[in-house]
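Sequences and hints are given; from them, build the entire structure.
Spelled out, the chains give:
6 protein chains.
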Amino acid sequence: MQQVLMTGAAGGIGTLLRPILPKLGVKMRLSDMADPDGGPAPDEDWAMADLTDAADVARVVEGCDAILHFGGISTENRADLIHEVNVKGTYTLYEAARKAGVRRILFASTNHVIGFHRRETLLDADSEVRPDSIYGVSKAYGEALATYYWHKFEIESLILRIGSCFPEPKDRRMMATWMSREDMLRLIETMLFAPRLGCPVVYGVSDNPECWWDNSKTAYLGWRPRDSSAQFAAKFADFEPEDPNDPAVVYQGGGFAKAGHYED
Amino acid sequence: MQQVLMTGAAGGIGTLLRPILPKLGVKMRLSDMADPDGGPAPDEDWAMADLTDAADVARVVEGCDAILHFGGISTENRADLIHEVNVKGTYTLYEAARKAGVRRILFASTNHVIGFHRRETLLDADSEVRPDSIYGVSKAYGEALATYYWHKFEIESLILRIGSCFPEPKDRRMMATWMSREDMLRLIETMLFAPRLGCPVVYGVSDNPECWWDNSKTAYLGWRPRDSSAQFAAKFADFEPEDPNDPAVVYQGGGFAKAGHYED
Amino acid sequence: MQQVLMTGAAGGIGTLLRPILPKLGVKMRLSDMADPDGGPAPDEDWAMADLTDAADVARVVEGCDAILHFGGISTENRADLIHEVNVKGTYTLYEAARKAGVRRILFASTNHVIGFHRRETLLDADSEVRPDSIYGVSKAYGEALATYYWHKFEIESLILRIGSCFPEPKDRRMMATWMSREDMLRLIETMLFAPRLGCPVVYGVSDNPECWWDNSKTAYLGWRPRDSSAQFAAKFADFEPEDPNDPAVVYQGGGFAKAGHYED
Amino acid sequence: MQQVLMTGAAGGIGTLLRPILPKLGVKMRLSDMADPDGGPAPDEDWAMADLTDAADVARVVEGCDAILHFGGISTENRADLIHEVNVKGTYTLYEAARKAGVRRILFASTNHVIGFHRRETLLDADSEVRPDSIYGVSKAYGEALATYYWHKFEIESLILRIGSCFPEPKDRRMMATWMSREDMLRLIETMLFAPRLGCPVVYGVSDNPECWWDNSKTAYLGWRPRDSSAQFAAKFADFEPEDPNDPAVVYQGGGFAKAGHYED
Amino acid sequence: MQQVLMTGAAGGIGTLLRPILPKLGVKMRLSDMADPDGGPAPDEDWAMADLTDAADVARVVEGCDAILHFGGISTENRADLIHEVNVKGTYTLYEAARKAGVRRILFASTNHVIGFHRRETLLDADSEVRPDSIYGVSKAYGEALATYYWHKFEIESLILRIGSCFPEPKDRRMMATWMSREDMLRLIETMLFAPRLGCPVVYGVSDNPECWWDNSKTAYLGWRPRDSSAQFAAKFADFEPEDPNDPAVVYQGGGFAKAGHYED
Amino acid sequence: MQQVLMTGAAGGIGTLLRPILPKLGVKMRLSDMADPDGGPAPDEDWAMADLTDAADVARVVEGCDAILHFGGISTENRADLIHEVNVKGTYTLYEAARKAGVRRILFASTNHVIGFHRRETLLDADSEVRPDSIYGVSKAYGEALATYYWHKFEIESLILRIGSCFPEPKDRRMMATWMSREDMLRLIETMLFAPRLGCPVVYGVSDNPECWWDNSKTAYLGWRPRDSSAQFAAKFADFEPEDPNDPAVVYQGGGFAKAGHYED
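Protein chains in written order, with UniProt numbering: chain A, 1 to 264; chain B, 1 to 264; chain C, 1 to 264; chain D, 1 to 264; chain E, 1 to 264; chain F, 1 to 264.
Since the hints were made in silico from the structure, they are not lab data.
For each residue, glycine too, the CB sits at the ideal point set by N, CA and C.
Please note: incorrect hints may appear among the correct ones.
As the list claims (entries may be wrong) - Listed below are the simulated DSBU-like cross-link pairs for lysine-lysine, each with C-alpha atoms no more than 35 Å apart in a straight line:
| no. | chain 1 | residue 1 | chain 2 | residue 2 |
| --- | --- | --- | --- | --- |
| 1 | A | Lys170 | D | Lys217 |
| 2 | C | Lys258 | D | Lys217 |
| 3 | A | Lys258 | A | Lys23 |
| 4 | B | Lys23 | B | Lys170 |
| 5 | C | Lys217 | D | Lys170 |
| 6 | A | Lys258 | A | Lys235 |
| 7 | E | Lys99 | B | Lys258 |
| 8 | C | Lys170 | B | Lys23 |
| 9 | B | Lys170 | B | Lys258 |
| 10 | D | Lys258 | F | Lys235 |
| 11 | C | Lys217 | E | Lys170 |
| 12 | C | Lys170 | A | Lys217 |
| 13 | E | Lys99 | E | Lys27 |
| 14 | B | Lys99 | B | Lys170 |
| 15 | A | Lys99 | A | Lys23 |
| 16 | E | Lys258 | E | Lys235 |
| 17 | C | Lys23 | E | Lys235 |
| 18 | E | Lys235 | C | Lys217 |
| 19 | F | Lys235 | A | Lys217 |
| 20 | D | Lys258 | D | Lys170 |
| 21 | C | Lys217 | B | Lys27 |
| 22 | A | Lys170 | D | Lys27 |
| 23 | E | Lys99 | C | Lys23 |
| 24 | B | Lys217 | A | Lys217 |
| 25 | B | Lys217 | C | Lys170 |
| 26 | F | Lys170 | F | Lys217 |
| 27 | D | Lys258 | D | Lys217 |
As the list claims (entries may be wrong) - Reference listing, derived: stretches of chain C covered by chain E, where coverage requires no fewer than 3 residues with Cβ under 8 Å from a Cβ of chain E:
| no. | segment |
| --- | --- |
| 28 | 120-130 |
| 29 | 215-222 |
Stated by the list, open to error - Some chain E residues well away from chain B (every beta-carbon gap over 10 Å; in silico):
| no. | residue |
| --- | --- |
| 30 | Pro167 |
| 31 | Phe236 |
| 32 | Glu263 |
Structure representation (structure tokens):
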């Protein structure tokens, strides 16, 4: 693994990760539709690309050994936009990877692919897909696409169902779903250097006290989160008790599960 | 159930079913992008619609209690066409249904959603999605979409993973995957009139001797196939033995699993 | 098996079964709290007993090889009565059986032990108990009691979760839950004469088209229902469509699941 | 959670917990049939109540947000007493809770509900009930009752199958089943303040080296035991080897599984 | 499949099958250590071979497309003999097959590989091996060997756990374990001509009323037994009731499970 | 446990363990076919024995309470040798143990019993046997034999599927399969002194970052590995990336799975 591409590098997770990416010890190409806030850092290799433009994508994928595909729309939005970017764009990325001989991809999926499971159900890699949003449905498309490229072309993907990757939990629910950027970085490192990756589904979450997701089936990878939301417990100590029957509390998808259909 | 819409009515399955649809005893509206071969029958209610055109779809859905959604591309094809029709088109159909208050939909999915499972693996409603084609990936999108509309809006869908619905098996593999049109019709009747449908995954296959798919988890519906491919056994009695390690034999998707990426 | 006791012989199922019990070819003692409607038949051996009276029960159990325990309250009722008859009474019966050396008991349990499962969930012998009524809770007590006597004293019990044992289905739901008296009789015969009974949970239901319950784990017994509610389909052909989201339709327990707490 | 009731406060576990209950930071009402040994502490709010007396129970439940129901008979005893207290009494408590609008209950169940499983079988929340005593059967009644109130009335219960909650293990078996009072207190805190409790089955046991019970399905609660019986290993270092085929060693229920029927 | 070898052709099952083997429509070579009782039939192709003699085995395997390996010791015996014939002999057969390019083997295993499961446990292809005899252990060796040749060399084997293949059931237990020779022949036909065999475990049993073994995981083969022991029910109608706690009744292996270690 | 026999004491694991065996606090008899390299230590009790010689084995087993059976061939070899030592020899050992009244045996099995499972499949005690070598097949025989002696004669065995027990990992694969000798010793101690052992399958592996095997089903034993291969990570930091599709990487058996049939 010499050259690695990160898409969506100007997005939320990209922005969190960029300062610590050098720890990976690989050449990193960063890509997004626009420059990052504040502009690229001096030592960063930026390459603009629109995921829905096959030529753009082919250009940035060229010469890469692996891709961290964080690009795309990452919350509920208009269905036409989601189809354009998360369906067509993800397909464009995988096709470019296939043609360029890329062997490994991290596909940034989301917990909203399984957001309509109840909080009291422990999920694992084989749990039924139950998207809570059109956004979640589009990521289910991406997950299925990743398995297609694996079974047909032996392109390995880590399907990463990310919980909440922020500097710290922003609400009570994130005490269960939070993932630290350091745990994310270690997972990326694992995914890049594992002798065999295959096409596993991994839940992207730190070792928080409240646990909804069981990653034991992918223990062969050797990734174990080291951080925990427990350090932020005080922040929510005096929170107003939630209604246990509020759909945003009942379902793992939280507010996404509760919301009606997106209207612009 | 007074008024039922069938999309894709000029397609393969639509053409097979049209002569026997009157047995359902409901008012049937038939829709496709073009007139059926030979033109509509005198008593048929045809309504032209392009699935990717929201206005068209809204018009034909209007006033329907249920939809048999057989429309869309039903084999491997160019990805852009598949995205347009099977992704965008399926979304358009479900949104129209939601707005029009339709309560039940049969979503015609395919065995190519699980085509990369080995033949010796018995699948059921909870088996992992393993599409063997971009076509299969697009149907995985549709299945996920159906569950979204069920969990969020209580629109019931029968997710039907159709084997091979033809007058008779066309090759050795279809001895396992064949579904008679009469079994299909009985399943449609079941789906229309069951007290509660929910959002089950059902494999569309007759009671053939070779069985890859187990529908027992959806036995609550009360559908039991009555036909069998056994009646066609003589047709394949002198077939050339197949190579058990040919990908088209190893995988349930047959030729779809064996084929390379679609190139136009 | 020479001498068999049936409790609750004047109740609904007892009354249905009495005319065909002679087919079993055993000496049958019939017991209830009161004489049956119309009085005993000339060749019947009746013995009055109150299940909550240990002396009564000891008397009728005396000399029996097996017991068909259909006695008790068989629908929702005041909790104090249910506790008296179905909890204390069932205990009294099992203790009397233990002391008298009875080796086999049919414990008439009910589908209301699992009535809060959804209709679209296929249950089997290991499914979680989810009673829909205090009546159902009392039968969960009886089921647990039967396993206690099995594990500690090797008294074998057939735990029979009866669906709806009537001459014919009385409502739409019973198309799924109906059990013919002939299927019941064959099950009793099986239970009396099996080389080994153990302590299985069996769902008491005929081979109806709609199937919620899977008895395959107890296939070692050799009981296969031969009747089907299909013969009564015409009776419900013109039924008013049910609301699939009505709790009485959603849950297997039907009206029991929908009802509030019993108030006298 | 402002006001919490503890029943059985003068019993074994109540006595262990009372000194540390103030850490919960809630107003605690303590109840039992009689004064605690040594009398109430100055700051304790005691309320006498007989669980089988509905008026008593209604009085102490009044105004409570949650109940820790440790009351009842906690070992094998005469069946009539167990039925009176653990069956009728538990029902009385739940009915009082329903009428008073209590939303959460900890139901103190026992490992003797599953005592006839072998030691080498790892159990979890879905394991089959196999009571080893009439006491265990009565707790199976209580567990079923708790699920009834959850499914019908949305009263949340933590069904706690307690191992051995003592200051320290009293015999070799308790090295596996021991639960520290601090772990118990943390579980109570978790149960009171979780955003959503549902109706989970949790095994009440510390993080002991020998582990028979797997709580991972209820990891969503966020409770993780911190204590371990390992600290008491020296106490049993020179124990006489046990016979691995002694029923008290074979079965998880230990001496309860080995004992004959209770005779007074 | 032109040329098929049957080993053990002079044994019990071989003798039963020989008259009907011509229905298979293949050239059959029959082999055993000695001539069959009464000598070969005029049209039979007999080839003497000792399974423990590599040269013998190579000679009879030569030119075969498939092997029906019924040879070996088929009941409990001295361990040294069993090791010689069933361990060393089976290895010799598989090695000869590998070197001769044979692609398919029926390995005649036995229910005594799983004979220490209780009668009330429904087994399937994935059930734990629990041999009830050294004979059963030697067949577990053979089953493991078959999977080795499958995974390493793609030699397909049907691992057939035969119940009781006799003209008719000889005792009460065989009402559950009986397999007709016609069902056996149909299974052989299926195994020879299936497009893909793989390396499945199949229980060799007819469609008897009492069923201990579930073949649904291998339904892809298309074999469904058509006979049933029900036709012999009268034979056992007046049997002396068996003791349900007799090890020969408790365990599926019957008398094999009950017997002590073989002593010569 | 006073007197314990270790077979194979001059082999690889025996040599590693011998210096630390005194920590067990039992009288240890060491046995092998020849003297250990460098000769016995002064305080060691050595007894020569050939596992295939019943008289030899009877002599060394005499008077032992337990056996640590590490003897036998521990890598792929000529089939006739493997059958002689690992099949006949293991049988000889168990028979001697039965006759001498030995109650507990550690049977040193190997991960090569399951070597044809893919690396990305998490295995546990119930996973299907898939040997990757004749050596692995012979250990499958030994495992089946151990269960026979357990079910028929109540001789308890720990079936230990050893990963790689060396001073440190010797290649990249051993980062996942490594077991420290201290973890091995603690497991032996656990096995000798557990109140009840039964006949569990345990994977012999330290708490390494990469985990292929899940021992949670045998958590009742109380063994938890304390070492980890993580301490050796630097050793493989600059390893040449492996081909994820190399059979030696795909399969858990590593090079054993990749190798062709053993040719001498």
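Hint-by-hint comparison with the structure:
Restraint check for Lys170 (chain A) and Lys217 (chain D): the C-alpha separation of about 26 Å stays at or below 35 Å, so the hint holds. Between the alpha carbons of Lys258 (chain C) and Lys217 (chain D) the distance comes to roughly 29 Å, so the proposed pair stays at or under 35 Å and holds. With a C-alpha separation of about 39 Å, the suggested pair Lys258 (chain A) and Lys23 (chain A) falls outside the 35 Å cut-off, and the hint is violated. Restraint check: the Cα-Cα separation between Lys23 (chain B) and Lys170 (chain B) comes to about 27 Å, which is no more than 35 Å; the hinted pair holds.
Taking the CA atoms of Lys217 (chain C) and Lys170 (chain D), the gap is near 40 Å; set against the 35 Å cutoff, the hint is violated. Note on Lys258 (chain A) and Lys235 (chain A): the hinted pairing holds, with a Cα-Cα distance of about 24 Å set against a maximum of 35 Å. For the hint linking Lys99 (chain E) to Lys258 (chain B), the alpha-carbon distance of about 30 Å falls within 35 Å, and the restraint holds. Between Lys170 (chain C) and Lys23 (chain B), the direct Cα distance comes to roughly 27 Å. Compliance with the 35 Å bound is thereby established for this hinted pair.
Restraint check: the Cα-Cα separation between Lys170 (chain B) and Lys258 (chain B) comes to about 18 Å, which is no more than 35 Å; the hinted pair holds. Straight-line distance between C-alpha atoms of Lys258 (chain D) and Lys235 (chain F) comes to about 54 Å, which puts the hinted pair past the 35 Å bound. As the CA atoms of Lys217 (chain C) and Lys170 (chain E) are separated by approximately 26 Å, the hinted pair is consistent with the 35 Å bound. Of the pairs offered as hints, the one joining Lys170 (chain C) and Lys217 (chain A) is violated, with about 48 Å between alpha carbons and a cut-off of 35 Å exceeded.
Restraint check: the Cα-Cα separation between Lys99 (chain E) and Lys27 (chain E) comes to about 21 Å, which is no more than 35 Å; the hinted pair holds. Annotation: proposed proximity of Lys99 (chain B) to Lys170 (chain B) is violated, straight-line Cα distance about 41 Å (limit 35 Å). For the suggested pair Lys99 (chain A) and Lys23 (chain A), the alpha carbons sit about 29 Å apart, so the restraint of at most 35 Å is met. Straight-line distance between C-alpha atoms of Lys258 (chain E) and Lys235 (chain E) comes to about 24 Å, which keeps the hinted pair within the 35 Å bound.
Proximity of Lys23 (chain C) to Lys235 (chain E) is assessed by CA-CA distance (about 19 Å); at most 35 Å being required, the pair is judged to hold. Between the alpha carbons of Lys235 (chain E) and Lys217 (chain C) the distance comes to roughly 27 Å, so the proposed pair stays at or under 35 Å and holds. Distance check on the hinted pair: Lys235 (chain F) and Lys217 (chain A) sit about 27 Å apart at the alpha-carbon level, within 35 Å; holds. With a C-alpha separation of about 18 Å, the suggested pairing of Lys258 (chain D) with Lys170 (chain D) holds against the 35 Å cut-off.
Restraint check for Lys217 (chain C) and Lys27 (chain B): not satisfied, since their Cα atoms lie roughly 44 Å apart, outside the 35 Å limit. Annotation: proposed proximity of Lys170 (chain A) to Lys27 (chain D) holds, straight-line Cα distance about 30 Å (limit 35 Å). Between Lys99 (chain E) and Lys23 (chain C), the direct Cα distance comes to roughly 63 Å. Violation of the 35 Å bound is thereby established for this hinted pair. Between Lys217 (chain B) and Lys217 (chain A), the direct Cα distance comes to roughly 25 Å. Compliance with the 35 Å bound is thereby established for this hinted pair.
Only pairs whose Cα atoms come within 35 Å are accepted, and Lys217 (chain B) paired with Lys170 (chain C) is accepted, the gap being roughly 26 Å. A threshold of 35 Å between alpha carbons decides the hint, and for Lys170 (chain F) with Lys217 (chain F) the separation of about 29 Å falls inside it, so the pair holds. Among the hinted pairs, Lys258 (chain D) with Lys217 (chain D) is consistent with the structure: their alpha-carbon atoms are about 30 Å apart, no more than 35 Å. Taking a C-beta to C-beta cut-off of 8 Å, the segment 120-130 of chain C contributes 0 residues in contact with chain E, too few for the three needed, and the coverage statement is violated.
Evaluation of the coverage hint for the segment 215-222 of chain C: fulfilled, as 7 residues show C-beta separations to chain E shorter than 8 Å, against a requirement of three. Against the 10 Å criterion, Pro167 (chain E) stays outside the reach of chain B, whose nearest CB is about 26 Å from its own CB. For Phe236 (chain E), the non-interface assignment is confirmed: its Cβ lies about 31 Å from the closest Cβ of chain B, beyond the 10 Å cut-off. Once the 10 Å rule is applied to beta carbons, Glu263 (chain E) is consistent with being away from chain B; the minimum gap is 42 Å.
In the structure shown, a violation is registered for the earlier hints numbered 3, 5, 10, 12, 14, 21, 23, 28, in ascending order.
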